[in-house]
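Colleague: The listed protein sequences derive, respectively, from chains A and B.
The opening position of the first sequence corresponds to residue 1 in my numbering, with each subsequent residue numbered one higher.
The opening position of the second sequence corresponds to residue 1001 in my numbering, with each subsequent residue numbered one higher.
Read the hints as simulated data drawn from the structure, not as lab findings.
Only a predicted model underlies this, so the values are computations on that prediction, with no experimental measurement involved.
Be aware that a few hints might be false.
[To be verified] Covered stretches of chain B, going by a simulated chain A footprint (3 or more residues, C-beta under 8 Å): (1) 1010 to 1018; (2) 1325 to 1338; (3) 1364 to 1378; (4) 1386 to 1393; (5) 1449 to 1455.
All C-beta atoms in this analysis are idealised placements derived from N, C-alpha and C, irrespective of residue type, glycine included.
Listed below are the residues making up each chain.
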Amino acid sequence: MTTSPPRVGLFVTCLIDLFRPTVGFAAVKLLEAAGCVVEVPPQTCCGQPAYNAGDRATARSLAQQVIAAFEPFNYVVAPSGSCAGMIKRHYPSLFADDPDGRVRAEQLSAKTFELTLFLNDVLGVERVDAHYAGTVTYHDSCSGLRELGIKAQPRRLLATVAGLELRELEESEVCCGFGGAFCVKYPELSNRMVSDKAAHILATGADTVLAGDLGCLLNIAGKLQRDGATIKIRHVAEVLAGLTDIPAIGEPEGDE
Amino acid sequence: MQATSQAFQRNVSAALQNPALQKALKNIKIGFVRKRAAAVAKLPEFELLRDAGCELKNHVLDHLDFYLERFEAKVIESGGQVHWARDAAEANQIVLEICRSVNARLVTKGKSMISEEIGLNEFLEAHGIRPVETDLGEYIIQLRHEHPSHIIAPAVHLNRDQIADAFQAHHAPYGFTERREEPRALLDEARQVLRQQFLRADVGITGANFCVAETGTTVIVTNEGNGDLTQILPRVHIALSSIEKVVPTLEDVSLLLRLLARSATGQELSVYTTFSTGPRRRDDLDGPEQFHVVLLDNSRSGMLGGEFQDMLRCIRCAACLNHCPVYGAIGGHAYGWVYPGPMGSVLTPQLIGIEVAAQLPNASTFCGRCEEVCPVHIPLPKMMRHWREREFARHLTPAAARFGLGLWAFVAQRPKLYRLATNLGAWLLRRLAASKGRIRSLPLAKGWTAWRDLPAPQGRTFQQQWAARRENRL
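If we strip away everything but chain A, and leave its shape as in the complex, we get (with noise of 0.2 Å):
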């Protein structure tokens, strides 16, 4: 253990830096309040849309450039499964052909977390300070649960929320139908994968649904709102940190 508090390269994600600011801003909140110095360097995309349309060189090159900017903390955080399993898994896959380009990848990965799973796995947080007067769903996003095993740690940690109840949805580990290009590739299998997400979720009762990852979060909540329904959709870090008073995920402000 250093004395000196661990300095945390957030990787807020290109969703979350367009779509979804307080997503980075609640994660920069629970990483401070568990003793983290925060900071976020440039940064753009974790190159995932290019890996997974066959593009190995473009994904590549912003692989470096995400290397690059990170190598100087102590860890990299995303409040993302996705993009952090990209990092994680995926980079040093990508330098199979290039031993510096390998190691320099290797040591990012092992210093690359999810944000829950880093608070709750590695620096140990089993509490925050947070309430939310409501019954929340959680639906399990692919890539952090399959890739990461992020699976308890978001439980353990909503637990703690005061004046949270948890009801669990039926399949929650089945893919929303997101799937990044996938849902724009594949408009009408996406929609029906959505459908049933969102039948799941509405039988749950529940007021709010959760999950890890706001590529599911845009999905799910587009296809609600689009369907009429009038469940709040948020990111679970929104939850965790108490950001709770501004709207949730595709619902007006009240005034602009």
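Chain B: place on chain A using the hints.
Modeller: Structure of chain B alone, referenced to chain A:
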């Protein structure tokens, strides 16, 4: 079989709008997913078995030539014959010649996906030989002139009334003129019709789940007993298999059987596990006079030593199909060729060409559920990604997608430009949303807004706000 994988998008629309199919697909969750979960939960060493199964198959693939030659020698030693088929045409010709050599007119068949892969039924029919499927599901779809929609449950896309219709339409010549709907009655009817075929058949053709090198044995697993009648009653038994199905020993078979049944149907063991070694011996009470094994390559050897070798570990349990949300939404026919679901999306491009099957490896969210349940740890998403890489390298990726990706890549590799673009994007999307918090229609993102609203950005980007916050602090 004529591939329709190129029309995948159209196939998807049709499947999603087919109420009978959608009703039938609901059975998968109850019939397969929950049963597998229960079977796995009861076996503490299941994870260890998976590792062992994976290692075993890797070992075989690393020494495939050795085990195949060993298997061939042992089949010959026990009085059987081995035929090597480079491709579908050779395999069909081999089967035809064996059938002709005994003047066969009627052939009974146990379930075999290799037979589907080479299009054997159509080929035999074209040459005046009548193939009769004896697996109940296969039999039903043969009556309906369909192909399997699932590798172990070929008629999973059908409901009971459709089966009743098919029987009513075809069974009058056998004396069944009344429409039956009770599952038991339908089963009895099929059994009586098939019994006549079993007794009349000249040749019986089965697949082979495993080919055992140490004994020259082929192994099939079934739940109906039709496989046994197919291979024991006619004079000739032909086992169709492919080169990667060879395993070293009977001990290895028992390991893979433990994985296969649980992963496939949630059974501890299939009802029938049948081992066939050579033709009938002098003291045997029954069995065929001739025993042939056809070993098909069909471009599998091209996967050895490359990035798709892991796919050759597949033991055809169908767990990846059963757990795939895409398969669950559209069923197997939409994939447009013999092998559907995640395993098909990896295998099909290899077997019929990535140009034809280009859509298949793209139609995945990479949710990873297939890999999570695969009994031999095949990294299916990774291999679908490899196909996408080949498509990208060969410029098979659609031009619009490629252009969009290129534009995004240009911007994403220039952080200052990226911040400018996202600042503008956030501003623009907020204008479009007005004060509603979300956008109902966006011309450039119809794929999204045709079905969903698009939540609007909250305001300035995080990076903009963070920079402002830091300036205030300084």
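Colleague: Determine for every hint whether it applies to the structure shown.
Modeller: Here is what the structure says about each hint:
no.	hint	verdict
1	1010 to 1018	holds (count 3)
2	1325 to 1338	holds (count 4)
3	1364 to 1378	holds (count 8)
4	1386 to 1393	holds (count 7)
5	1449 to 1455	holds (count 6)
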